[in-house]
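A.B. asks: Taken in order, these protein sequences are the chains called S and V.
FYI, in the numbering used here the residues of the first sequence are 1 to 312.
FYI, in the numbering used here the residues of the second sequence are 313 to 519.
None of these hints come from the bench; they were simulated from the model.
Please note that the accuracy of each hint is not assured.
Stated by the list, open to error - Only pairs whose alpha carbons sit at most 20 Å apart, straight line, appear in this in silico PhoX-like list of lysine-lysine: (1) V:Lys420 with V:Lys402; (2) S:Lys310 with V:Lys502; (3) V:Lys360 with S:Lys232; (4) S:Lys142 with S:Lys96; (5) V:Lys360 with S:Lys236; (6) S:Lys142 with S:Lys179; (7) S:Lys310 with V:Lys402; (8) V:Lys420 with V:Lys430; (9) S:Lys127 with S:Lys142; (10) S:Lys311 with V:Lys402; (11) V:Lys398 with V:Lys428; (12) S:Lys230 with S:Lys190; (13) S:Lys311 with V:Lys420; (14) S:Lys206 with S:Lys236; (15) S:Lys190 with S:Lys206; (16) S:Lys230 with S:Lys142; (17) S:Lys49 with S:Lys35; (18) S:Lys181 with S:Lys230.
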Amino acid sequence: MNNRFIRLFFLLVLGTFLHANAQSYQNAQHHQCLKCHSNQTYSFFNSVKGKDEKRMMNPYFILDTVALSAAVHKPFDCTDCHSSEYGTYPHQSNLKLEPLSTCLDCHGGDASFASYHFERIDEEFRKSIHFQVSGENFNCSKCHSQHTYFATARTSNNVLDIVDYSNKMCLSCHNDMKKYKMVSGHENPKLVQVHDWLPNQELHFKNVRCIECHTEVLDSLKVSHNILPKSKALRKCVECHSADSRLKASLYKYQNLQKRSEDGSITMVLANESYVIGSHQIPHLKIASILIFFLTLIGIIIHSSFRIFKKK
Amino acid sequence: MTANQKIYFYPVWLRIWHGLNAIGILTLIFSGISMQSSIESANLLSFKSVINLHNIAGILVTLSYFLYFTGNLVTPNGKFYIIKPKGFLKRPIQQAIYYAWGMFHGMKAPYPISEKRKFNPLQKYAYVLVMYMAVPVVIITGFALLFPEIIIDQVYAFSGVFVTAVFHSTMGFFISIFLMVHLYIASIGKSPLENFKSIFNGWHEVH
Chain S
1 MNNRFIRLFF LLVLGTFLHA NAQSYQNAQH HQCLKCHSNQ TYSFFNSVKG
51 KDEKRMMNPY FILDTVALSA AVHKPFDCTD CHSSEYGTYP HQSNLKLEPL
101 STCLDCHGGD ASFASYHFER IDEEFRKSIH FQVSGENFNC SKCHSQHTYF
151 ATARTSNNVL DIVDYSNKMC LSCHNDMKKY KMVSGHENPK LVQVHDWLPN
201 QELHFKNVRC IECHTEVLDS LKVSHNILPK SKALRKCVEC HSADSRLKAS
251 LYKYQNLQKR SEDGSITMVL ANESYVIGSH QIPHLKIASI LIFFLTLIGI
301 IIHSSFRIFK KK
Chain V
313 MTANQKIYFY PVWLRIWHGL NAIGILTLIF SGISMQSSIE SANLLSFKSV
363 INLHNIAGIL VTLSYFLYFT GNLVTPNGKF YIIKPKGFLK RPIQQAIYYA
413 WGMFHGMKAP YPISEKRKFN PLQKYAYVLV MYMAVPVVII TGFALLFPEI
463 IIDQVYAFSG VFVTAVFHST MGFFISIFLM VHLYIASIGK SPLENFKSIF
513 NGWHEVH
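Whole structure, please, built from the sequences with the hints as guidance.
C.D. replies: So this is what it looks like as structure tokens:
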């Protein structure tokens with residue numbers, strides 16, 4: 001009895017602690033780190049000048065507290081990944097030079113994350129153009145912000161949301177001159193011009209993810225991380241616009257799985273086929289059209305045989 | 313034996329429309345089947361060229377449809393397409409019976425062609441359905457697919473583009489079936505090639 005009470009008490013304390021942590025991101029002004037890192041400015045005592053000073057915060061160090069408190073890593077505190085020495089303020093300047101924890105430090109080799117295949121993702125990523133060009137400098141966080149990441153593809157019911165979230169990852173660099181140049185060292189190509197061969201460019205950008213054409217699709221991974229060089233990107237319309245569309249193996253893999261598990265509605269599965277041109281993708285219409293065609297042909301053959309026979 | 317009467321049924325504008333329409337529709341059917349089946353007929357034309365061909369033929373058929381529509385408004389040819397309520401079902405049925413049975417058993421054509429009657433009832437119904445329903449639907453949906461930004465995003469659970477594409481190809485299919493029957497029925501005459509000659513020279517011979 002006593003033992004159960006202690007366990008219950010422990011769980012209550014742990015729950016309160018976790019709750020307090022999640023809350024603390026929401027109340028940025030009460031969070032030790034966020035009270036500066038959610039603001040445009042910060043103040044500190046300049047010991048050289050011997051007076052208080054106010055400075056502008058580096059915009060890349062200002063965190064989106066709304067996204068932070070909704071993200072997958074919200075149960076963790078800043079110093080779980082950043083050095084605990086950041087707890088002292090002003091921060092020591094050499095802390096910046098220390099390596100940060102990597103994603104695989106937590107996610108690698110852990111049975112609870114096995115289904116996400118983080119090691120396989122790492123293998124695939126190492127084949128990608130990002131790694132080939134930038135090497136170790138290109139890490140997971142270049143695309144997946146640890147602060148704001150949430151698993152849209154696995155949780156959203158709306159394909160357009162999945163597409164939007166995924167494409168914003170790519171566009172955050174590929175459509176941003178400063179960030180692109182910081183990583184690559186040269187100016188970013190203009191996406192609209194590069195894709196001028198693509199019909200209905202705007203609709204494609206809205207309805208499919210960049211990675212649909214720019215990665216090698218694998219059945220064994222939910223999202224292939226082998227981002228291909230431009231020369232190997234997909235350019236054939238029929239790869240998607242066909243009954244055996246590659247979208248079924250990539251983007252619609254999520255949508256179908258979810259819709260089927262939620263309501264098993266056939267109309268939803270049918271609605272997902274909208275990337276395929278024409279009525280032949282509806283099996284009943286296909287059968288009906290083949291039947292009508294052959295019945296007409298047979299009718300003509302029979303009628304013309306009678307005409308030949310009767311010399312009409 | 314009475315001398316054969318010749319009626320000038322097909323004026324120049326109508327023959328120009330019919331010619332353009334025939335070339336356009338045939339191109340649309342072949343390029344449409346190729347696109348729908350997603351066959352990359354690399355030996356003939358690439359997928360992208362097939363799309364361009366389909367778009368160009370679609371615009372040609374639209375332009376020629378305006379010629380047809382205007383021609384039927386301003387010339388007497390339009391009156392041949394008017395369906396009267398009298399014998400709405402009886403007349404086409406009689407014609408169908410003639411095609412299926414009567415013509416092989418010495419029956420005379422129930423609605424012979426004359427200056428007042430260019431089309432038999434069945435022919436008239438088919439032409440009205442194709443030219444005033446199927447072709448306009450195909451043109452409207454075709455232009456919508458050419459500018460997919462204008463299509464409504466969602467029609468109930470379906471994507472607007474998907475519904476439009478299904479309408480487009482279903483109507484296209486019916487036009488293809490019409491064409492098969494149209495070509496076959498055109499071969500029914502004094503000689504199988506007689507009607508084909510008429511659409512070239514404009515004169516229809518009444519026997």
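A.B. asks: What are the numbers of the hints the structure violates, in ascending order?
C.D. replies: 7, 10, 17
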